[in-house]
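Asks: Using the hints, put the two standalone chains together into the complex.
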Amino acid sequence: MHKLLNDSPGKQIMLLGNEAIARGAIEAGVAFATTYPGTPSSEISLNLFQMSQESDLYFEYSTNEKVALEVAAAAANSGLRTFCMMKHVGLNVAADPFMTLAYVGVTGGMVILSADDPSMFSSQNEQDNRYYAKFGNLPMLEPSSVPEAKEMMRYAFDLSEELNQPVLVRTTTRINHSNAFVTFGDMKPRQTKGKFIHEPLRCVTVPAVSRQLHVKLLEKMKKARGICEESSFNSVIGSGKFGIIVNGVSFHYALDAVKDLGIKGDTKILRLGFSNPMPKKLIKNFLKDCEKVLVIEEGEAFMEEAVKAFAQEAGLMIPINGKSEELFSRLSEYDPAMVREKIAAYFGIEYTPKEKLSADNVPPIPMRPPNLCSGCSHRATFYEVKQAARDMDIICPTDIGCYTLGFLPPLNMGDFVICMGSSVSSSCGFGQATDQKVISFIGDSTFFHSGITGLVNAVFNNHNFTLVILENGTTAMTGHQPHPGVDMERLGLDGFGRINIENLVRALGVEHVSVIKPFKVKKSIETIRQALEYKGVSVILSQEPCALYAKSLKILKPRAFKVSDKCVDHKDCVNSIACPSFYIEDGKVKIDADTCVGCAVCAQICPENAITPLKK
Amino acid sequence: METTRLIMVAVGGQGNLLASKVLGEAALISGVQVRMSEIHGMAQRGGVVESAIVFGKATSSIISDGEADILLGFEPAETLRALNRCNKDTKVITNTATLPPFTVSIGKGVYPEVENIKELLKEKCASLVAIDAMKLAKEAGSPMSVNIVLLGALIQSGSLGFTKENVIEAIKRRTKKAFLDKNLNAFELGFVAAQNYSS
Numbered sequence: 001m002h003k004l005l006n007d008s009p010g011k012q013i014m015l016l017g018n019e020a021i022a023r024g025a026i027e028a029g030v031a032f033a034t035t036y037p038g039t040p041s042s043e044i045s046l047n048l049f050q051m052s053q054e055s056d057l058y059f060e061y062s063t064n065e066k067v068a069l070e071v072a073a074a075a076a077n078s079g080l081r082t083f084c085m086m087k088h089v090g091l092n093v094a095a096d097p098f099m100t101l102a103y104v105g106v107t108g109g110m111v112i113l114s115a116d117d118p119s120m121f122s123s124q125n126e127q128d129n130r131y132y133a134k135f136g137n138l139p140m141l142e143p144s145s146v147p148e149a150k151e152m153m154r155y156a157f158d159l160s161e162e163l164n165q166p167v168l169v170r171t172t173t174r175i176n177h178s179n180a181f182v183t184f185g186d187m188k189p190r191q192t193k194g195k196f197i198h199e200p201l202r203c204v205t206v207p208a209v210s211r212q213l214h215v216k217l218l219e220k221m222k223k224a225r226g227i228c229e230e231s232s233f234n235s236v237i238g239s240g241k242f243g244i245i246v247n248g249v250s251f252h253y254a255l256d257a258v259k260d261l262g263i264k265g266d267t268k269i270l271r272l273g274f275s276n277p278m279p280k281k282l283i284k285n286f287l288k289d290c291e292k293v294l295v296i297e298e299g300e301a302f303m304e305e306a307v308k309a310f311a312q313e314a315g316l317m318i319p320i321n322g323k324s325e326e327l328f329s330r331l332s333e334y335d336p337a338m339v340r341e342k343i344a345a346y347f348g349i350e351y352t353p354k355e356k357l358s359a360d361n362v363p364p365i366p367m368r369p370p371n372l373c374s375g376c377s378h379r380a381t382f383y384e385v386k387q388a389a390r391d392m393d394i395i396c397p398t399d400i401g402c403y404t405l406g407f408l409p410p411l412n413m414g415d416f417v418i419c420m421g422s423s424v425s426s427s428c429g430f431g432q433a434t435d436q437k438v439i440s441f442i443g444d445s446t447f448f449h450s451g452i453t454g455l456v457n458a459v460f461n462n463h464n465f466t467l468v469i470l471e472n473g474t475t476a477m478t479g480h481q482p483h484p485g486v487d488m489e490r491l492g493l494d495g496f497g498r499i500n501i502e503n504l505v506r507a508l509g510v511e512h513v514s515v516i517k518p519f520k521v522k523k524s525i526e527t528i529r530q531a532l533e534y535k536g537v538s539v540i541l542s543q544e545p546c547a548l549y550a551k552s553l554k555i556l557k558p559r560a561f562k563v564s565d566k567c568v569d570h571k572d573c574v575n576s577i578a579c580p581s582f583y584i585e586d587g588k589v590k591i592d593a594d595t596c597v598g599c600a601v602c603a604q605i606c607p608e609n610a611i612t613p614l615k616k
Numbered sequence: 001m002e003t004t005r006l007i008m009v010a011v012g013g014q015g016n017l018l019a020s021k022v023l024g025e026a027a028l029i030s031g032v033q034v035r036m037s038e039i040h041g042m043a044q045r046g047g048v049v050e051s052a053i054v055f056g057k058a059t060s061s062i063i064s065d066g067e068a069d070i071l072l073g074f075e076p077a078e079t080l081r082a083l084n085r086c087n088k089d090t091k092v093i094t095n096t097a098t099l100p101p102f103t104v105s106i107g108k109g110v111y112p113e114v115e116n117i118k119e120l121l122k123e124k125c126a127s128l129v130a131i132d133a134m135k136l137a138k139e140a141g142s143p144m145s146v147n148i149v150l151l152g153a154l155i156q157s158g159s160l161g162f163t164k165e166n167v168i169e170a171i172k173r174r175t176k177k178a179f180l181d182k183n184l185n186a187f188e189l190g191f192v193a194a195q196n197y198s199s
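First to last, the sequence lines map onto chains A and B. Residues 1 to 616 (this note's numbering) make up the first sequence, in order. Residues 1 to 199 (this note's numbering) make up the second sequence, in order.
Be careful, since some hints might not be right.
Incomplete in silico selection of chain A near chain B, CB under 8 Å [unchecked claim]:
(1) Q12
(2) A180
(3) Y253
(4) A337
(5) V362
(6) C402
Rather than coming from a laboratory, the hints here were simulated on the basis of the structure. A virtual CB, placed ideally from N, CA and C, is assigned to each residue, including glycine.
Extracted from the complex, chain B is given alone in its bound form (with noise of 0.2 Å):
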């Protein structure tokens, strides 16, 4: 395949760093070279993750910025913070349930509109999918499963080029046992969400 450019952000503790870990297996599965690169340390402490998934040809292992062709952000403002890593045909998902930083709660900043975000994030980029992943995970039988509802939606664009199976032994392979029911009806969901999206 030709290069594609996947940058996923993340609250620290919403689970992206497994997400990458899924995808990376999902990749070997279907023979797909990937490089991830990922920033660690304060991810525990409440500040924003990033990971950097280079699919196919090129080699560096990080992504500039302007050059995300699929944008997938776990929590609504960090989406619209990652714009500069989006030029206008990159492909958007995002998680509409927000997490509102402290910075908000000590009146030192204000949260924007989940409207206006996805406004804003349609009008630039080439295209658009929000859904509510922690309603979804939720419904799939954990919060802890918006990572996995969110892998599903970005599946479901065929944008990675992998094929739902491939992705569901990812899965398989990468999670934990006990959670594996959740994540799959998680997985589902998210494919679904994603299906039925209309902007």
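Okay, chain A solo, but in the shape it has when bound (with noise of 0.2 Å):
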């Protein structure tokens, strides 16, 4: 049985914040959920994909961030508890359902989880979700640690039925990738099947209704106001002359700090974690006795300027301050020793950090950025593309997965990146700006998710592109989760239908469509350069499945490759690839044979023929 479908309250175990939120949500007796990965919060939705597999949990990946919020939608007004989680950039792809959702609201609980990623571990930005919550009126939970996670998910669902909304959850990576102990509670029963009221004047938004529909949501606000006002995730901590408000993790680097400064007599700490709508009394009442207060929010200045606001209501003089160039940034997540310091400085207390070790004497140490892996069939692909297009004047766009490391030295292939499915709309705009050559790289996962509309409008506007599609069978990047490319037989799960990238290129009037096995080097590269000769769209499969994936699907058997005596040093194998399987021994290239799979790409590069098969 999954460890997350124990039914044994009070059981004490180790988990991982996105496992405790799964099992915050199961506690609730979530019965559908949706999502698209996308770290930090791929490993909530493993999980319950897990469980749909050994329990009634409806389960999906869908295809991408705004569908699986309408799917959701379709349930909790249905009336079935339902979660929909995904990373902080999706809710950008799902903000349209988002803001309209809002208005009509649910009869199931809804729970809508971001997972924000300041620093940006994994990411292509770190904008501040919490804006969301303020932009669309829904309310808003926000963790500081992993017990309380878990804690948040099962009240979130209450929130929603009892306000008639959905509930946004913000988290940030240090809770989704944290371990802490949690404690199991009790699981309430699941509800697989609802009924659909039909409520047209509540569901269908054309403008008469949704002009009601936006006074009620308001009202609704006020009443989640009230609530917010005496939640018990807001609470204050302490007393004294000192104030700190702060949310999330930040929460217990304060709480840390001000013990380590000995200002714990001083001090009062207000802890925001139902932050939208702001509890006004509950803050006003905070501020009253303090000297100064110091807000500590990681991102922007959300918490800070709705506090300066009630401040000014409330006729207080006193400072209020978070974001400036002395204080707090807004850039990146902070950090127990940058919060204590800047407690210290603000409140005048005297403070020595530790004094750094001396970096004189350490030699530079070489980098190790992250790499495409040993036989990753992506290399392949961008080194016959390079060949292909050696005497071009090139724009590679390219897109969000694995495949974006292919930017790197020495295969340089990557220009443009913003978001998912950019790679194709963008060769659009690049095509009919320029008189450049443009060819773009997508996965396969990403073209399903928002990929296909850009092909479509390429086909209709007639732009001049070579679109390379790169699949290899499954969501590398976030752990090989399923896409509808996927044969799902495999993975020995029935019951799924599965789409033909090939069939779909075509039918959407493609005209000149080309397939490569990027492991036959020659081959791939006489095909490539038809496709870029070809006015036009023109589109590349290279289909070749994941190499980690095919080695835990045990579909590929690694057979490693030796540099035989014949190298004379061109060094052509490195220079060109850089496959991480290559080292330098003495002035000569070898290949370690324990992570080398197989792929003998390096062998048709090498002009000496000297990378053989190694003989065990």
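Replies: What follows is the structure in structure tokens.
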């Protein structure tokens, strides 16, 4: 049995934040869950996917976040407890249904989770999605620790049903990817079939209806503010003249700092866990007997601006600060020492940070950037496209996935990426705006997510570029989740359809479609060359399973290669593809037999044919 | 116990996430509070993987630069790179078996001499234990057990206050049955190597 389905209240277990979140949903009796995977949220959905295979929980990997939210919106309006989770930028994709679903509301409890990523450990921006709660008028909960994330998930479903409103749970990477002890609670029963009640004056958002719904939405938020004022997730700790208002993980940095600085007797901390709408009365009361207030929040000045406005309403002139040159930044995540130092500086407490170690005599350490894996088919495809286009002035829009790493030397294939699906649509623009040859790259999962509409646009508007779809048969970067092109039977799962990308691309009206097997280097280069010469939209499907995935499914049995005596040290292999299995020993290229999977791309590149299978 | 802050650095694929899980389980068995933070995502793409583990009273789950009490490095250059996480009181335990990054193969950087790395760590920090965990893992029966060898050395240092028995129990609970004997060998070899280490 899946460890998160264990019905033993009181049991203590070490859980990852994302596991605790999934468990919280299960304890709340969630019946219906949808997602598109994205770090740092991915393990929440992975666990729900696993649990759906051994329980009556419905879970789906949807095509993208907009689809996921719309699927979930229907379930939540059929009375089911519904959970839709995504990474922060996913909420941009889902913003359209998000904004109007807030008007419509729900009949079953619905939680939307946004996993924000301050410091951008694995994201293209560090937008602060608390503004979505304010923008869309949804109640918002923000956990400060792993065990609290589970408790908040449980509560979020109740709150949603009390208000008939979806609730936004907003986490940051340090919640999702931290581990702590969590105590299991009881599990509410799951209601897995609902009934849709016809309510056109609530559910059909024509202007006349929506005007009424907007009025009701503001009333719901008024009610939410009342609940928020009393919420145990908004609590004051301690008393004194120094005031600290804090959210999320910074709460614990502040708690530790106040203790370490010895100012517990002078300081009170207001932790906001239910942070939209803001508890106005609570905050005004808190401010009243403070001499000075510091607002600690990663990201934007979301709380700070509200607190300052409340102080103005209350006629309070005390200094309230947070974001400034001397204090906290809008950039990156915070850490305990930073919070300690800023608290000390702001309240005038003496504090000497630990002396830093001198790095004077430390030699430069070679960088270790992430790299495409040994035997990764993307490396082969990038090399071949580069060879086929060697006499062309090219622009390579790329997309979001492992293959974004192709922009690194020596491949240098990747010139422009802003969001999921942008490779295809931006190719339309580059092709029209320049005379350069445009060759773009997109993975299969990303193509389903949001590449298809761009390709429809390209065919309709008669654009001119070559799109390479990297079909590795999985969503690799986030941990090998399925997508609509995946053979689910191979995973032992039935009841799924499967979409053939080649048929789809042809059906869209793309006239020049070709298929390559990227581990056949010479033939692939020839095929790519023909596609590049075509005027109009051409699509190349590069088909080869992700090596990590194939290894885990045991459909790839690694067969290592070696560099033989015939090597005369051109180093073409290392310099052109830089596979991580290469290493240099005494000036000679060697292949690490433990990591080489035997794709044989380097063997086909070597001008001396010096790379040969290793005989065991 | 008072707060003890441990940073573990490794290269993707070296098994430091499993090592953190074992330590978390050992803390649970020993009745010690623990919070851990990890960076995922790039782990299998050959990048650097770091875990921060806070044992004891503090409530934060990450560790600031310069504030590690113990640094456990799975790869010598990565141990040295993590020097900014240490202070003069930090105890350092490192593997000496190298995994040069591919940037070295393509001539974009020179791998430092391991002896030099050891000297620098010893000179700047409170103490150093440097062992060839790869050699010991192979001796234990599996090159995959580097992480457990290093756990052996960590526990030998006594810094976490966990008994050997509790950690062995955690290994039993958290690692695959098929590797259990090899992992228990690996733990013992790491423990003994740290005991016999004289810098």
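Asks: Hints first: check each against the structure and report whether it holds.
Replies: Evaluated hints:
For Q12/A, the interface hint holds, the least distance from its beta-carbon to any beta-carbon of chain B being 7 Å, beneath 8 Å. Among the interface hints, the one on A180/A holds; its C-beta lies about 5 Å from the nearest C-beta in chain B, closer than the 8 Å criterion. Checking Y253/A against chain B: minimum C-beta separation of about 5 Å stays under 8 Å; hint holds. Residue-level restraint check for A337/A holds (minimum Cβ-Cβ distance to chain B is 3 Å; threshold 8 Å).
Contact between V362/A and chain B, as hinted, is supported at the beta carbon level, the nearest pair being about 6 Å apart and thus within 8 Å. Of the supplied interface hints, the one on C402/A holds, with its beta-carbon coming within about 7 Å of a beta-carbon of chain B, less than 8 Å.
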